[in-house]
Amino acid sequence: MDELESVPEAWQPSKFEEAVKMARTFFGTLQDALLVTLLFSFASQSPTFARHGIVQVSAAALECFKSLRRQRYFHRTCVRLREQNTLSLARYGTVRVPLPTSQGRARIEQLIPLYRENRPWDRRWRILIYDVPEEDRKMRDAFRYVLKHYGYGSLQASVFLTPYQEAIEAIDPYLRRLALRGYVLVADTQSATSIQGIHPRKLAFSVWHLRRLNARYRQFLDEFGNTNSGSHPIVVATAYWNILRDDPQLPFELLPSGWQGEEAHRLFQRFTRWQGFAPRAAYERREVDAVLDEAMASSAEYEPSR
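Using this note's numbering, you'd call the opening residue of the sequence shown number 1241 and step up by one each time.
These are computed hints drawn from the structure, not numbers from a lab.
Here the structure is a predicted model, which means the values were calculated and not measured.
Wrong hints could be hidden among the right ones.
[What the hints assert, rightly or not] List time: in silico EDC-like cross-link candidates among lysine to aspartate or glutamate, alpha-carbon distance up to 16 angstroms:
no. : residue 1 : residue 2
1   : K1261     : D1272
2   : K1388     : D1487
3   : K1388     : E1375
4   : K1388     : E1374
5   : K1442     : E1493
6   : K1255     : E1303
7   : K1388     : D1362
8   : K1388     : D1486
[To be verified] Distance ranges between label pairs, derived from CB positions:
no. : residue 1 : residue 2 : range
9   : D1371     : G1465     : 17 to 25 angstroms
10  : E1463     : Q1430     : 17 to 25 angstroms
11  : D1362     : Q1396     : 37 to 45 angstroms
12  : L1425     : R1485     : 24 to 32 angstroms
Even glycine gets a Cβ: it sits at the ideal position worked out from N, Cα and C.
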């Protein structure tokens, strides 16, 4: 193992286990956390392949897994993932290491927040107003979750705002599913005029609480700006995704001066060496369905009031 001593720390059992636990705080399940940690552990070590070769790095990964496999929870998780065909053993030379399958990568793709490189804006606001009866409170709360999930900002109690037409189109299936179409009104300002006499950029700053969000990005940069910090790449990634998940990713012209989001994304890419999956629709976030399933299941006798 002497030739592996300079392999990055991602495959040290204690580091890897810490990374899985951190990922679980974001993804919720141990299975998803393990899949993501595996993928990012390999992705972050592409320069190592050039120095040692993928066989040597894979050997370090295998040693890590042999150590952790003695823990029952870890072994059970690997077995379940293989049964689901989301994890398989890939062979590199004489070494076989666990890696996410194409199905596993597809699962991960659904879970990781997407950073929008391009954010075109037609300089029009979309205003959504809803009035859901109190007896349909569970459906109303579920719908509010959908709006927040797709980056809407709360202008008033039941009035939400978005600069994106695709955000309006994205919620239409949920209106049908929740039987709320008759309770929702969408208006288009036709231009980026001020609302309530407030300039668009100032309005965005207030509605989406951008000061608070920017402070979180700044804290992320302060904590991980030193690429020699020794943190596992998934620890960095999880810290970044926790912020990105709450970021409405507004058009760049609506962001305040000194915005730290772009620099945080560059740091995330540099630290994890993650180039992302193939492009997908910015609003294809299918995990929101689970929340709606739970909301509707919590009221077995749910009937729309209409």
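Hint check:
At roughly 11 angstroms between alpha-carbon atoms, K1261 and D1272 fall within 16 angstroms of each other, so this suggested pair holds. Restraint check for K1388 and D1487: satisfied, since their Cα atoms lie roughly 10 angstroms apart, inside the 16 angstroms limit. At roughly 22 angstroms between alpha-carbon atoms, K1388 and E1375 are farther apart than 16 angstroms, so this suggested pair is violated. Between the alpha carbons of K1388 and E1374 the distance comes to roughly 20 angstroms, so the proposed pair goes past 16 angstroms and is violated.
For a cut-off of 16 angstroms, the pair hint linking K1442 to E1493 stands: about 11 angstroms separates their Cα positions. Of the supplied pair hints, the one linking K1255 and E1303 holds, its CA atoms being roughly 13 angstroms apart against a limit of 16 angstroms. Distance check on the hinted pair: K1388 and D1362 sit about 21 angstroms apart at the alpha-carbon level, beyond 16 angstroms; violated. Restraint check: the Cα-Cα separation between K1388 and D1486 comes to about 9 angstroms, which is no more than 16 angstroms; the hinted pair holds.
Distance hint for D1371 and G1465: a CB-CB separation of about 47 angstroms, inconsistent with the stated range 17 to 25 angstroms. Taking the beta carbon of each, E1463 and Q1430 are about 43 angstroms apart, not inside 17 to 25 angstroms as hinted. A hinted range of 37 to 45 angstroms for the beta carbons of D1362 and Q1396 is inconsistent with their spacing of about 24 angstroms. The hint said 24 to 32 angstroms for the Cβ distance between L1425 and R1485, and at roughly 28 angstroms that hint holds.
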